[in-house]
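A.B. asks: This is what each chain is made of:
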Amino acid sequence: MGVLSSVLTIARWEVKRSFTTLGRNVLPVAVVLFLLLMLATGFTARSGMHLQDGIYSLGIDDPGLSAILGGDARFRVFSGDSGTLRAYRGSYDLVIVEGAVLRPLSERGRAAEKTLERDYARYVSSVYNREQDLFAAYPLWIDLRAVKSELSFDATQSGQYLSLQQRSGESPVPEGTVAVVATPAPQLPVPEEALREGLMQEEGTPDQLRRYTGLFSQEPEYQNFRTPSQLSPPLPFDSIIFVFAFIFPLYFTSQFFMMSVMHERIERKGEVLLASPVAPSVIIAGKMLPYLLGMVGISTAVILAAGAPLTVLLPLFPVILFFLASALLIGMISRSFKELSFISIFFSTVATTYLFFPSIFAQVHVISLISPLTLIVLQLQGEGFTAGQYMYSTALFYLTSGVLFFAGTVNFNAERLFSELAFFPRVREFIAATLSRDHPFRSVFLANILLIPFIFMVQMMALVLFFNLPLPWSLLLLIGAAAFIEEFAKSIGVYTLFFEGDARPGIRTLVLASAATGAGFLVGEKLFLFAMLTQITDSVFGSVLFLQQGVLLLWLPLLLHITGVLAVSLVLRAGGKRWYLPGLLAATVIHGLYNLYFILGWMR
Amino acid sequence: MNARHITIIAKKEFQGLNHEKTILLAVLLQLFVAMFSSFLMVGLTSMYDPSSLSAATRVRYGIALVGANTTLDRYLGERADFQVYRMDLSTGIAALEERKLAAVIYVPPTPPDAREPVQVTLYTLQNDIQTAVVQVKLKEVLLEYEEDLREERRPRLSSTPLDVRFPAGQKTEGFYEFVYGLLIPLLVFMPAIIASSLIIDMITEEYQHNTLETLVSTPVSFAEVVWGKVLACELLVPVQAGAWLLLLAINGIRVENPLPVLFLVSLSSLALILLSALTALHYRERTAAQFIYSTALVVVILVVIAIPGNPLNVIVRAVTGSPGMDLAGTLAIVGIGAMALGYVTHRYAERIGRLAQLGT
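Residue numbers (this note's numbering), protein chains in the order written: chain A, 51 to 654; chain B, 140 to 499.
Some hints could be false.
Listed next, with one range per pair, are the computed distances between beta-carbon atoms [stated by the list, open to error]:
no.: 1; chain 1: A; residue 1: Gln237; chain 2: B; residue 2: Val443; range: 24 to 30 Å
no.: 2; chain 1: A; residue 1: Lys66; chain 2: B; residue 2: Arg143; range: 45 to 51 Å
no.: 3; chain 1: A; residue 1: Phe302; chain 2: B; residue 2: Val443; range: 17 to 23 Å
To be clear, the hints were calculated from the coordinates, so they are not data collected in a lab. Note that CB positions come from ideal geometry on N, CA and C, so glycine has one too.
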């Protein structure tokens with residue numbers, strides 16, 4: 051009970067403090083700015099985005115046509131007679147003579163042609179939309195039906211998509227059972243006027259905008275029926291909207307927490323709080339509580355405003371925790387406001403990338419599930435997600451937040467908070483504080499277990515980055531990146547604990563430390579893999595990262611992990627700190643060759 | 140105002156940045172974004188145009204055609220990128236689920252000149268990037284078929300739209316408008332936004348660490364301190380924006396008029412930096428200043444983008460080399476704006492400096 055009430059007290063102080071710093075001057079201005087923001091949004095929506103005005107030049111000989119096509123601000127329209135236009139064709143991006151578009155000569159011309167084609171199609175449909183007999187103007191309607199099929203990692207193993215056929219006359223035969231599908235009814239179930247209304251509505255709004263506004267709200271029934279010209283390819287950029295709608299406010303709010311942590315360190319203001327008889331964990335929990343509640347509240351508001359189901363909150367929660375944990379550490383580590391800004395911008399870019407890129411491939415590939423954002427996409431599409439999928443995509447966020455909070459709590463003391471060291475020594479100090487000097491081998495062992503979720507996060511990012519590339523490049527790059535990440539992570543513990551200052555540990559100590567590191571790494575990896583990620587580990591990409599196939603014995607990977615760290619530490623011992631990077635690269639080469647040997651052997 | 144004092148302050152700020160290695164982070168960030176976007180481009184182009192992946196093997200998408208015989212059969216058969224199979228519906232869909240086909244098309248027995256429309260059912264894989272490719276290709280075929288049907292029903296139409304014929308031939312999915320019309324203006328303005336948030340940090344730091352009194356007691360005036368910080372931030376902009384243009388060039392994206400673009404970006408960001416310096420001078424506390432400034436920035440960007448001929452548009456036209464842009468006029472307007480903001484900032488800083496010396 052005592053702990054809870056102290057948490058609440060500190061939370062109350064925190065709210066009071068942030069209101070006094072923001073209070074008087076800021077609130078009225080913020081209200082005015084908010085009103086201005088609404089006005090500006092309205093203004094921009096009315097006047098449109100004038101970003102790409104006049105990038106293309108268009109020569110037309112027919113004044114009637116130029117009146118119709120000139121409405122697009124992207125074109126600068128010039129009129130002239132057909133002879134001159136033909137002669138000076140090179141000075142325009144695109145030329146229309148006697149109703150025919152001349153083949154464009156430049157890259158910009160080809161882009162202009164695409165834009166013009168879209169504009170022309172819009173004009174043609176605006177004429178047809180007003181036809182009395184709608185089905186004479188639009189004689190063909192397409193009923194789009196989506197069939198679900200999730201690509202497993204096996205499909206990309208050959209580096210090709212399965213449905214790309216070679217030239218052959220034989221029809222494909224399904225391997226599984228054939229479910230009977232009813233022949234679709236030949237009649238449109240939607241009345242003519244509803245279809246016309248849909249067509250008319252579309253006239254005003256460009257494709258892109260409609261897609262985004264339609265994302266949240268349920269699409270009306272007629273949307274499933276399209277004319278051929280309405281078939282627009284589903285661009286894979288939808289998820290960026292979710293980043294803006296859900297993640298951006300979270301990032302913004304976490305900035306306040308970051309600043310509040312930093313605030314305690316300015317001019318040693320936090321000393322009073324540290325002197326009070328409560329544990330650091332209680333102080334952190336108390337300071338964080340208002341922000342946690344605020345972020346959950348904001349997310350709920352966004353979800354309700356978007357009309358999305360409240361279950362979307364579930365995948366957002368670990369993201370909130372992760373943002374708060376990182377904000378805590380960033381606020382504790384950076385020494386000045388500038389550093390705070392840069393580190394937080396850097397962090398937010400990396401985090402956004404991690405969240406955004408995989409979700410582009412939502413439903414295309416199981417890899418997309420490593421981002422909780424994908425769960426949001428799935429939920430909004432009305433499919434929902436299973437508990438297993440939830441585990442799979444959020445476990446890394448829960449685990450890393452936990453480790454970050456632990457590191458923050460351990461370091462939340464006067465010595466660390468008010469230290470004046472430079473950035474890298476400070477980071478090293480933070481890590482060293484989590485390790486115990488009295489039990490060096492045990493703490494190296496444990497530290498490596500705790501590092502595993504971070505390693506997986508970075509490796510996942512490398513996977514997302516490289517899996518787009520064709521084989522074998524994707525595989526080779528991934529092998530190199532994965533080996534480097536692992537060797538770097540493993541060396542952290544040994545480096546911080548045994549090479550402090552000018553220390554030069556004995557060979558025996560280093561062998562023991564390397565053994566502890568390797569063992570910790572292996573145990574952590576196995577524990578983690580056991581719990582999840584079976585989908586990825588079964589694939590060829592998975593075997594690069596986690597090397598499961600072909601190596602059934604545990605001693606071989608153990609030996610590899612030990613050799614890697616030992617190589618780094620021996621180089622460090624012989625050459626000093628300047629040799630850290632070469633040592634790391636040497637270990638990476640050893641590790642990479644080992645992986646390559648086993649993967650190639652396994653593939654053969 | 141003493142130019143030497145200003146450069147001393149600017150130098151001090153640079154030393155601070157250098158000492159903290161924050162510059163290193165900024166460079167890393169830039170490389171990271173550049174790397175990711177170029178990988179994304181490689182990924183997207185290879186998925187939109189699978190033939191670029193496997194140039195030797197002829198890529199064909201398997202399509203199952205079910206139902207009535209129409210001209211659609213012929214159009215599909217003529218295409219080199221489709222392999223058409225006549226199948227029954229259930230088998231076709233089962234094969235589609237196993238990804239042995241790219242699409243299944245059902246054509247009803249509706250006669251072409253019927254009163255009601257021909258309703259074709261198109262089965263594709265849900266939310267698949269490959270589906271996007273297939274749909275684009277099928278759209279061309281379906282448009283041909285639609286034109287045939289429309290011709291049959293032509294007598295029932297009351298008007299015909301003006302005709303424009305486009306040159307025939309393969310069209311590749313280009314990213315021209317995306318790269319030049321959106322990516323480049325965003326990238327070159329990113330340093331401006333970073334620099335303007337940097338000056339808030341520099342100014343509020345003096346207040347919150349109580350170093351202002353020490354500074355004012357030196358021969359350097361407070362206005363000079365502010366200008367020195369502005370100078371330090373301003374110098375970062377063309378360097379970073381220039382680095383972007385260089386990285387783009389390495390990626391094979393050629394940019395016209397690089398120098399005028401850099402000049403315009405620097406001048407616009409000077410206006411932004413002065414605006415945020417004013418905010419910081421007013422609030423003297425980082426959280427409040429950053430909050431107000433970033434909200435105000437969104438408002439400013441929204442309004443600016445809605446005005447025809449705005450600086451961002453001028454940059455887009457300059458990098459694409461589109462003639463007829465009013466670069467000089469825009470530079471003049473932005474320059475006058477920056478000068479006005481500079482004057483206000485100067486007077487404001489002078490006043491604060493006087494008050495600080497009086498000890499209030």
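A.B. asks: All the hints need checking, so say for each whether the structure fits it.
C.D. replies: Status of the hints after comparison with the structure:
A hinted range of 24 to 30 Å is violated for the C-beta pair glutamine 237(A) and valine 443(B), which are about 51 Å apart. In this structure the supplied range 45 to 51 Å holds for lysine 66(A) paired with arginine 143(B), their Cβ-Cβ distance being about 46 Å. In this structure the hint that phenylalanine 302(A) and valine 443(B) lie 17 to 23 Å apart at CB holds, the actual value being about 21 Å.
Hint compliance for this structure: hint 1 alone is broken.
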